[in-house]
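Chemist: The chain contents come next:
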Amino acid sequence: MAVNSQTPPLPLLQGTVDLLVLRTLVPGAMHGYGIATAVAERTAGELAIEDAALYQALHRLERQGLIEAEWGESENNRRARFYTLTAAGRKRLAKETAVWKRYSRAVDAVLQGV
Amino acid sequence: MASEIDAELRHHLELRVEELTARGMPAEDARREALRQFGDLEGARDYCFRQDQRGERRRQLVLMLQDFGQDVRIAVRSLLRAPVLALTIVLTVGLGIGATTAIFAGINAVLLRPLPYANPDRLFRIYMDSPPFKFSLSVADFLAIESQQTHFDSVAMYFGRTATFSDGQRADLVRGRDVTWGYFGLLGMRPALGRDFAEADGKPGSPPAAIVTDGFWRQRLGARADAIGRPVRLDGKDYTLVGVLPPETGPLERRQDFFVTLQLSPPPRRGPFPYVVLARLRPDATRSAAEGELRAINKRIFPIWRASYQDEKATWSLMDLKSLVVGDVSKIAGLALAAVALVWLIACANASSLLIARVTGRRQELAVRVALGASRGRVVRYLLAESAVLAAGSVAAGLALAKVGVGLLRRLGADSLPRVHEIALDGAAVWLLAGLTLASLVLFGLVPALHGAGGRVGDTLRSSGRGWTGSVAVRRLRRMLVGGQFAVTTPLLVVAVLLLVSLNGLRRVDVGFDTRDVVAGSIRLPAAQYADPSRTNAFWDELGRRIAAVPGVEAVAFADGTPPNNVDYYNNFDLEDFPARGGRPQPVTPWVSVTPDYFRVLGLKLQEGRLLEERDAQTENLLSVVVDRAWARRFFPNGTALGKRFHEGGCTTCPWTTVVGVVSTVKYAGLDTPDPGTVYAPLSGEQLRQILLRTKTDPATVLPAVRDRLRELEPAAPLSNVATIDELVDQSLGQPRSLAILVGAFALTALALAVFGIYGVMAYFVQQQSKDVSIRMALGSTVLGVLRLLVGNGMKLVALGVAAGLLVSVALARLTSSLLFEVRPADPFVLTGVSVLLLTVALAACLVPAVRGTRVPPADLLRNE
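So the sequence lines, in the order shown, correspond to chains F and E. The opening residue of the first sequence carries number 1 in my numbering; numbering runs sequentially from there. The opening residue of the second sequence carries number 1 in my numbering; numbering runs sequentially from there.
Isolated chain E, as found in the complex:
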């Protein structure tokens, strides 16, 4: 290039010199004059050189793009001629990409992304740490923290509850929070309409104020702009609506309808402890320093309240708000992500195997290309174009699947997953999708492409088409791929089976009574009208009488909790025989307050002593309780619990409470929790009660009459959350069931892919060995012998893969143990069962092509070169 420029410029200068000499200038002067007239020769030369270079580079690029475009067109045509192969790869890899992206989007929204509040990493929950329990705090605690702390910008607390909302026509149960006035300020949220709570709203005696969510405002207040300042009737009390929240709120507000201010006054005792306390750390404060100060405050106020609270060992700690919101999801999330990623890997391995086989069959054609002048790089690019087209198809399929997957997650997880509304295909998920596609392209495209362009041209051209099976390295690679697929499928299947066995175990757990025809519901009385406890009791008594008279009702009772997992009240007690001394914490068990007929409704057997009676509810102090067998066994294993006494709830000045009866055990803490022992106390008062009915026939037929009776007696008290005990049990199994289905689906997909993989390898192998087979059979070998030879080859692979997979399963067993119920992670039955299943299915997949291979008449094969 440079020499051409020199020639060009030299030509110009020669002509100029000739012109000048023609006019009479002497030669030497002419040359000098020509150079002078030219200008900056060196500069021009360099400039022209660089321009030429740039031009050349551009031309090369255009050529390459044209080549690529052509390759893509040819690749598409060629793939259309092998539609099954193309569709298989696109769909399976697309499934892997889409599912992984969807699960990742879920994990990103729920676990990784910071909470949508202002500076969320400075938000914490203050809780009481009394191992193994974590408790909420009380008004006394909060007031002490508020006045004495120096490391937090602000503190607030809330208490979740339900209330009856009545708008004059109907009454509905709504959910909401009692909050301190600084709650929204702490979170950094501002109402979209109206104003936030102010300090005045929190003063005792101020007019009660409420803020509602956008959903509540739209659905129940008609989205009216003049709703601010008007009253909202909750539990029969009128609250002035001061603000409406924006539609976009955080996870703490998502399922709520209303927020009202707490008006705190100094409490008479330390407890109760129902409040969740939130705090915002100051920018210049550290978490450990703040925790230290909290512990000091706790120690300081302990002696003040010693009369009502004796757990000296309990301390205050901080947990970040995200942990409170997210809970336990991380374990399940990890498992789900691992499962989909493995499916994706298997799909890529399959695709790679299929493409290698395809390329192997075209080696001669490609060798001809090289012989005709194409560079190896060109051949690799040509083969990669095919993989690129497949990858493009996969990404399209993956994107569609990811959208569907995200939609599914949002719908199915609406009740059980936190922050479900934040799950979306956002930037991070799309980046992952792109990354997975690129990785897929490399995984299943590169190896076949390199394999197709490698090797010596002469050898390839000379080898016969059929007999050539590919170099040893490639064959080993394909076999490793198949073995690897089985190694990966095995742990997936093992976990899926373990989850299913676990689920089955949970389903068979005895709830403790005959759950047929028992139905439960909640009734909430409007607070204002039922402030007087005697009026409340009169109402419940009358309601109980009326409902018992409904034909079809065998027995009716009330309680403050229901099986299998709807008990919120856990109380501590100090046993007379084993007092908690020297700072040892008092034992804590679930407490259920019930009316006397409760035992009849559930059909519990009385094992010792007597059941609760009407008179037990009428004493001023708690004198008599009934316990269940689990409680008796836990605290009095050698002897009877009947007649034993304790002080309840840390109250040192109350009279003794006596155990008057022992009944059979019922699950209240969830089907998978070992029974901690339950105490039954007499139920009195309470504006919110659970009603339980045992019906003589199908509960659905009796419910309308029950609702009528309730409405006659109190129209402003709705019957909500109606469900049979069987339905409640089923709901409590929701999460383990979803997980089992999810992992099961992935395991089955992985199995299908792995089987497909071995089938493909086997079919190809049989085809390559067909000459051998026909020779053997012609020489007298039996069909069975030949089959054993062919299939043995494939099954060896599978067996190795499954063995490796079993080792992995055992090694990772501990990680899944927390998700399992009554089955060991390395359960030998499950491991054996899964292995047998895999080997059987693989054997079938190997036999089909092998049998087909023995059917081809030997003469045909031998004749065909």
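So here's chain F without its partners, still in its complex pose:
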């Protein structure tokens, strides 16, 4: 779980925060800190969502109806706000994932080209 201090994490392109958050919530409910940790772990420190940006994204996605929130008890018996994907959120995730794949394939094609 250590953050690689040699190479600082990449700056996130705009719009990808939402995508990462939605994907991270697929396995189940999570609170904000858990999401941040999961993303850093998964990318081995390459990507780190700034905390402020993360919470802004979470509340924005909630307003948009893509995730819903509920207060619950965390592992250490503390009150925490847990987020889950809604049906609309799942649909949006699928759509944005497809877009991302197309985009990155296209850029790769150019970069690998002659």
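Treat each hint with caution, since some may be false.
Some chain F residues well away from chain E (every beta-carbon gap over 10 Å; in silico) [unchecked claim]: (1) A36; (2) T43; (3) E46; (4) D51; (5) W71; (6) V99.
Reference listing, derived: stretches of chain E covered by chain F, where coverage requires no fewer than 3 residues with Cβ under 8 Å from a Cβ of chain F [to be verified]: (7) 9-19; (8) 34-41; (9) 319-329.
Hints in this document: simulated from the structure, not taken from any laboratory. We put the beta carbon where it would ideally sit given N, CA and C, even for glycine.
Start from chain F and add chain E according to the hints.
Modeler: Quick look at chain E alone, frame taken from chain F:
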């Protein structure tokens, strides 16, 4: 909400600090590092707060819409269970909305909307003001204006006439205008095909040019693209077709077929004055300055023409073109709009009353809702949903009715209303429809809704269902509504009855002769072939002889006008005994030129002197005329008019004209105008004449033979506008009849609604008083006594309403007086009659539920709690 965000963020920071301290960072540093890693804490907090707020608001809105949807569904179901009530409200309010919108659409098109010409507010008519008359201008006037004016962009003039159009096979009478070449340019109209008139077309001696309307081109020229440049034969003369107007034209062109250019040359005398002069004011000129200049020009040219025109007092004035086109419609329009608006108000009052009653019956149910937790606002919304559904139904009904109404206006008003083709359900009318619907919703929805949700829950739940009649305020409101309905219906009925009495009076006006079996028509000779007056006279003489020989024809004559209102020629004259001196204007009366048999055809009685004879038409100057009794009485009340002399038409150098006979009076200026006195002059020449026949039998059987004789003599001269005098009289009553029917229909609708209203209130009242009634009857009161008690209550309302309505009628009487004929607006018979009618009908409406109320066995009522 804010505290939740704080808790959430705090939780995050705690976890971060724990992570850092677990890796060995000291507590203080960990806290600082956690905050630093977080980023903009305050910014995030604010952002999250605002997002949450927005989300919350959206959720509330969705909930409210869901509630409303549910309310509407329940309202529809509940209304379906009371179909009579729902249908009544939807239909009556819909009628009010639809009729008002239709009438407004008419008024908008005819009176309010600017004319469809370029910059219409700069267009004026120049006329001669010689109170009380307004006259048209002459060629001399026009040429003077054209050369001397500086305030107008352009001036033009026109003269309306008919002509015979022949295409080789048939001849038809068509309508059109002689115009100056700049006419269309002034109006801002351009032909869709070909070209507009040019200055060259207006020069005397140029080949005559014509422009036709789209309708004429389609119907009579076969809509051929190569029609431009080909000849069009009007009155036997060939005009080169230079242009065709677009289908969309303004009111001045609507009923016309052709336009040909006037080729003006300097005239020998000032008159005649048949031309309508139009002018377009320059953008930087003012109307008053232009009028001042016109008056100056008139003064300047007066001495030049003094020999032929002596009215020094006459001045030139401007009227806006819209007034010329629209005429007198505004009075009728105001009345019609007021009538429909009142019907709408009454319908809303009825609906309100019905809904209040309905809500009153449900007060307990609604109180239970409130007791179970619904807010009062929620209850009001729930009740409003019902009114909203009704309003939606009304607007649908109103829209359909408005469409029908507009169609009716266009069809019925096609001949009598100006600009009828512009009447449509346009944007303004639709806005009015929406506004009326909203106002209806407020009027009949809000009060019942507020009433249903008000009051103390405990009291409502405790009160028994039947005995409760609603708070005093609501009862008073319902009674005021009913009283108000009658107050509004009364003036409507009064006006309707006055119009009907007026119409009846007009129908009974004596036209002046026996109108049975007299038929009239127009004959127009082709101009080119009959340019020579002696040939024209020979033709008319021969035609008269041939038609007189037709079996079934008792007498035939020709004239240049017909009763009751088809005389266009008004002439002035200077009496020998009472000359117009010192600038006083000469008297003006209608002049009818006739052949000698005219008096026999109409059956006029000769009262003094002699009738006109053949020799009177053969003199070079006008030496002999016959006048009617009205003329004699007007100018020579004390003595005889026989032998009196005058100079006609402002001619100072002509010999005297003498009155040689006096006949009985005939209406020529319309049935409702007092007789101004008519002068009969001998008819000679003229290519257009009216023919009048008195037949021994039904005119329809004689007409075919008459047409045959005419066709044998001159196939290119059609017989048009054939109608019996009775039919002409009937046509002249068209406008007052339509108005009476219109207002009458609205008044009857208002009456029906008001009666319905009182019936409803009475039925409800009786139901509420049923316990009282049964107790009284059990204690020995008679049926009659009880009835008097119940009905008295309702009739008091009606009487008050009718009394208020009568006051309103009298107060507004003056506004309608111009529409009435021989009946005073505050005629006591009419007022009494209407009051009696209303009270009687209301009494019947009160008695029915009251009688029914006394029939219920008292035992049932008393037993039922």
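Chemist: Are the hints correct? Go through all of them and say.
Modeler: Quick rundown of the hints versus the structure:
The beta carbon of A36 (chain F) sits about 8 Å from the closest Cβ of chain E, which is not more than 10 Å, so the claim that it is off the interface is violated. For T43 (chain F), the requirement that its beta carbon stay farther than 10 Å from each beta carbon of chain E is met, with the minimum near 17 Å. Taking the minimum C-beta to C-beta distance to chain E, about 17 Å, the non-interface status of E46 (chain F) holds against the 10 Å cut. A beta-carbon of chain E is positioned within 10 Å of the beta-carbon of D51 (chain F); the least distance is around 4 Å.
Against chain E, the non-interface label of W71 (chain F) is violated: not every CB pair exceeds 10 Å, the least being about 8 Å. With a closest Cβ-Cβ approach of about 24 Å to chain E, V99 (chain F) is found to remain outside the 10 Å limit, as its non-interface label requires. As drawn, the segment 9-19 of chain E meets chain F at 6 residues by the rule of a beta-carbon pair under 8 Å; at three or more, the given contact holds. Only when three residues or more bring their CB closer than 8 Å to a CB of chain F does the claim for the segment 34-41 of chain E stand; here the count is 5, and the claim holds.
Taking a C-beta to C-beta cut-off of 8 Å, the segment 319-329 of chain E contributes 0 residues in contact with chain F, too few for the three needed, and the coverage statement is violated.
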